[in-house]
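A.B. asks: Sequence:
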Amino acid sequence: MTIESGSFIEYDRHNRSNFKDKVASYFNQIEKEENSTMQESSQQLQSHTSKNKVFVINQKQESLDLSRHEESESIIKVEQAQQIPLSKKKQLPRYMQPNQAWLSKDKQLPPPIIDLTKDQSYSKSKISSLLPQLIMNKKKKESNEDELNGDDNQNIGRLAKQNNKFFLINKEDPLIIDLFKKICQEKRDSNIIRARLTKGKMKAHLSRKYKGRVAEKILQYMDFSVPLDYQAFIDLLEKLLNFGQDKLKKMAFNVFDFNDDRYICQLDLYSIMKMYEGDDQVFVNGYSYDICKLIAYLDQKKISKGNQNYELNQKLKNIQKKVEQAMKQLNQQKKNSQTESQLLKKEERKKEKGDSKDLSFNNSETSSIQKESEEYSESEEEEYEESSQEGDKTTTNKTLGGPGEKSKYSDLASRRQSVMSKRVSKVSRGSGKSGISRVASSKKVQGGFFSHYSEQQDEEERENPFDAIFGKDIYKKMKGNRDYNEKMSLQEFKTNIAWGDNIFPQFIVDMIAYISGFLIDDYIKTKKEKEKYEQEQQQLQELINKRKEAGETLDENFLLEQFKRQRMNDADTELLIAKNRIGETMYRKLLRFFKNVCKNPADPKESSLFLTQESLTKKLKNHFGHKCDFFSQRFYYILSNNVNLKRIHLKEFIDKIMILYEGSQRDLNKFAFQLVDIDHDGLLTGPDLLTCQEQIDLSSEYGQEILNFVDHYVTTHLMTKSRINPKHFLHLDNFIMLLGGHNSKSCVIDEIKLKILSKEGKHSSK
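Just so you know, the sequence shown maps onto residues 1 to 766 in the UniProt record's numbering.
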């Protein structure tokens, strides 16, 4: 027990021995009070159990012993304090510092208040002090039991979380494990437990494939605050794929936003294409499909703006031009009449006054460039005075209204007017601005409200990444022309762009495959097939249960076979329908061609055959007799409905190709139109035609058709006098008219029909 500053002990500096006696009497009194309270509490606690009673008495006895021990220690400290020199007596410890406000000689200590609940709570608190140890012992027992069943519980919890996930990465896949070791710069035969992936290693791996700041933009959306082991890396990818789809789309948006202005414009996409000019594989796999989608959206947005009320706007512009022209003529007539009246008045006045009024008249006409032309006008005034003085010497006493004087003044006025017009043209030449605009622009740069903005804008233009790709002048021109540079926001990127069968942009699919080996396209396909199979099994089980409830005796194996016959594969059923529709002979020829260009010709099931862009490009040349990579690519996109990396099965191929044999003349021309529509926007633009011109042999018959389209486009769209012409494209109807009308068709149609039905190796003479 300690004595603090709030005690009832009064410290008297004059009588130091008195303090020692007071401390001793204070402890004696406390001891008596504790003895009395212990006796009263023991009497009241007789109803309790003997264990609790003994426990309380022991606690009281311990407290009594503790108080006696502290009393003896305090007395010893007081005696030591008396032996300390005077310099150290002033620095008493805190528990010996007195309180002068309490306890004088006349005051007495208050009587103790006995509270039974306090003693009970006191005893309960002592009992509760043992509870933490009991709880810890219990936890140790539970932990020992968890060690036995720990793996099972963790697996159950993990499976419960995995049920809510669509994408689950097989962490035991050897390809994924080897790729993780490679990124971590570990040996292939090393233990995967030792491998740790850091931000620097991931950045080095991404920089090997992607150029520019793409690696930095990707790492902004991945948490590498601590090195990741293999399991943490898999968890990070699963979290991004399942719950961070908006984050991944935002990542792709930032990658396509080349200049980091929070918008995707045509300049951004053009700069990416220029950056990957020498690396076609990376561009095709990671960027081409997305850029085609984005360019198509931006072009459609631009066309909708350009064609909006186009005819009405043209009429209004023509009317406005006529009104402006009429106003100019009227102003010119007013100026001519004013000059004539002024000249007549000047003839009746003196030469000096007439000169000053003439100058003021000219200065009023050119008030917009007054500051820049003052010096020049003063010099002209002196020249005019000299010429007038010379005229005074040679003139006779004729009146001012004579014909000679009138012609002379008119010559001087016309000469001054021509000089001033030349001055105006020099001021505004080359800049397209008047003198006022030039002065205002100089003030804007020197100081004022807009000075900081102009300086900041100039600094941004100097540091713009577009400058390093295609020059600052071209960027400035395209930046100021809204007709060429259309923008897209993040919200438009998320909501208005359809990515086909995938839920992610192709860049994300390629990036995930590059850093983890996880193929999103294959996973989605197998997942859908598995779900379809489980649904069929569930329907079969429901059918069995219904028949059992009805009391029917059945053979489950026989019912399974019957169900399979009834529930024939959808692809087989559709293929059978298509076969009956086109006939056996046509079906056999198309099947022969499809097996020659498909990916899996050895598969016995016809509905399982499929072709890819790679297999079509590799094998189509056997039918055409020469290399035709560009035509194979365009042919593939028509078959796949402009979807990249898609498997085309036999039924889809028949539906598309039978248009050539059963379709109308317009359908055939539309097929030929889609072959040259590179960006799939339903319009033939300059880039589409130029691409076809570069890839197709122009000496062939089909090449001559392409040259005809290019010449028409150049003469009718690029070499026009109108400065505003948003219709820089060809529609399907224009395409058909250039072919010769609705009764004509492209020569490429007959060529395709002949090659498809002919055997491999037998090429036509064309």
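Be aware that a few hints might be false.
As the list claims (entries may be wrong) - In silico DMTMM-like cross-links for lysine to aspartate or glutamate, where the CA-CA straight-line distance does not exceed 25 Å:
#, residue 1, residue 2
1, Lys249, Glu238
2, Lys293, Glu172
3, Lys201, Asp261
4, Lys525, Glu172
5, Lys494, Asp750
6, Lys670, Asp572
7, Lys605, Asp521
8, Lys301, Glu652
9, Lys627, Glu277
10, Lys293, Asp750
11, Lys525, Glu552
12, Lys589, Glu549
13, Lys211, Asp173
14, Lys171, Asp223
15, Lys595, Asp681
16, Lys274, Asp261
17, Lys646, Asp572
What the hints contain is simulated information worked out from the structure, not anything from laboratory work. Bear in mind the structure is a predicted one, so any value in this text is a computation, not a measurement.
A.B. asks: Hint by hint, say whether it matches the structure.
C.D. replies: So, going through the hints one by one against the coordinates:
1. Lys249 to Glu238: holds, 15 Å
2. Lys293 to Glu172: Roughly 36 Å between the alpha carbons, so the hint for Lys293 and Glu172 is violated.
3. Lys201 to Asp261: violated, 28 Å
4. Lys525 to Glu172: holds, 20 Å
5. Lys494 to Asp750: violated, 42 Å
6. Lys670 to Asp572: violated, 30 Å
7. Lys605 to Asp521: With a Cα-Cα distance of about 23 Å, the restraint between Lys605 and Asp521 holds, given a limit of 25 Å.
8. Lys301 to Glu652: violated, 31 Å
9. Lys627 to Glu277: holds, 23 Å
10. Lys293 to Asp750: Between Lys293 and Asp750 the Cα gap is close to 31 Å, so the pair fails against 25 Å, i.e. violated.
11. Lys525 to Glu552: violated, 38 Å
12. Lys589 to Glu549: violated, 51 Å
13. Lys211 to Asp173: Roughly 29 Å separates the two Cα atoms, so the pair is violated.
14. Lys171 to Asp223: holds, 19 Å
15. Lys595 to Asp681: violated, 31 Å
16. Lys274 to Asp261: holds, 19 Å
17. Lys646 to Asp572: Holds, because 19 Å separates the two Cα atoms, which is no more than 25 Å.
When the structure is compared with the earlier hints, violations turn up for hints 2, 3, 5, 6, 8, 10, 11, 12, 13, 15 and for no others.
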